[in-house]
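Undergrad: Residues per chain, in single letters:
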Amino acid sequence: MANKQDHPLKKVFIICSKGTIEDVYAALVMTNGAVMEGIEAKLFFTFFGLDAITKKQMKKLKTGVVGNPAMRMPGGLPFPTIMGVIPGVEAGVSAMMKSQMDALDIPRVDEFLDMITAGGGEIYACKLAADMFKLKQEDLSEHVKAIITVGDLYEMAGGEGSQIIFV
Amino acid sequence: MATKTIAGVAVEVTEEGYLVNPSEWTKEIAAEIAKEEEIELSDKHFEVINFIRDRNAQGITLTIRAVGKSGIVDIKGLYELFPGGPLKKSSRIAGIPKPASCV
Chain A
1 MANKQDHPLK
11 KVFIICSKGT
21 IEDVYAALVM
31 TNGAVMEGIE
41 AKLFFTFFGL
51 DAITKKQMKK
61 LKTGVVGNPA
71 MRMPGGLPFP
81 TIMGVIPGVE
91 AGVSAMMKSQ
101 MDALDIPRVD
111 EFLDMITAGG
121 GEIYACKLAA
131 DMFKLKQEDL
141 SEHVKAIITV
151 GDLYEMAGGE
161 GSQIIFV
Chain B
168 MATKTIAGVA
178 VEVTEEGYLV
188 NPSEWTKEIA
198 AEIAKEEEIE
208 LSDKHFEVIN
218 FIRDRNAQGI
228 TLTIRAVGKS
238 GIVDIKGLYE
248 LFPGGPLKKS
258 SRIAGIPKPA
268 SCV
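Heads up: the protein sequence lines correspond to chains A and B, in order. Going letter by letter, the first sequence gives residues 1 to 167 in my numbering. Going letter by letter, the second sequence gives residues 168 to 270 in my numbering.
No lab work stands behind these hints, which were simulated from the structure alone. Since this is a predicted model, take the numbers as computed values, not measurements. Everything hinted at is true.
To spell it out: a stretch of chain B is covered by chain A in this simulated footprint if at least three of its residues, at any positions, have a beta carbon under 8 Å from a beta carbon of chain A; those stretches are:
id	stretch
1	219 to 233
2	246 to 257
3	261 to 270
Capping the alpha-carbon separation at 30 Å, the derived lysine-lysine pairs in DSS-like fashion look like this:
id	chain 1	residue 1	chain 2	residue 2
4	B	K255	A	K98
5	B	K243	B	K194
6	A	K18	A	K59
7	A	K127	A	K59
8	A	K55	B	K236
9	A	K59	A	K98
10	B	K236	A	K10
11	B	K236	A	K60
12	B	K211	A	K10
13	B	K202	A	K10
Derived DEER-like restraints, expressed as beta-carbon distance ranges:
id	chain 1	residue 1	chain 2	residue 2	range
14	A	G120	B	K265	20 to 26 Å
15	B	K265	A	E160	24 to 30 Å
16	A	G120	B	K194	28 to 34 Å
17	B	K243	A	D152	24 to 30 Å
18	A	P8	B	E179	24 to 30 Å
19	A	M132	B	D221	48 to 54 Å
Glycine included, every Cβ here is placed at the ideal spot set by N, Cα and C.
All chains should be modelled from the sequences, with the hints used to inform the complete structure.
TA: Laid out in structure tokens, this is it:
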């Protein structure tokens, strides 16, 4: 781990295409982690991932409780898919996830975006998906730097020691 | 593990240059490690360093969020004090182990 690499990572472009708690947080943790390591980091939200930066939705992210085989009851027993369709179960499970994250000092989405931009990371939204969902810049968090096209994305993602990560 | 002479004192350090024993730390050692990181320490730096040394002594896992909420400096300020490695560089200069958190 302490070995000096020949080609250290200099830039990451992380794409978040899903809007569940776990997918959004995977993207946020990786982006923030990169910023903390001194790596240039850009985070791009597209399709349902846009929920994470949409003012109206960003505080209401949920975890999928139907069709998620890794989902278990507290204590480790299997979580029957049929339970996921009961009203309130999705909200309850999501609240439990959030409280566990809070205990580990993992911030809420808006605070996480704040941490990333404070360190110099940049947040972008996908033009095509924003058009599809009829979202304008003013519907999005103030941390979103711009709504960009896929062409802009590839232009920005270039350079030696650069990687694109898709969540 | 290796022994390294920092600011005229022989101290034990890890492969990545973190002090093994936080108790061996002195302000002079901090200044010398900071120089390696191209940081000149101000009073503000020492306020952060004292805060994270105190937290470490209490066995609390350190996060940039916690430092940001300390009232000493916000997260943006923390990045300005320790550019390119707010948690790693501050921990190394503060003579505490490499941070073990992902946030």
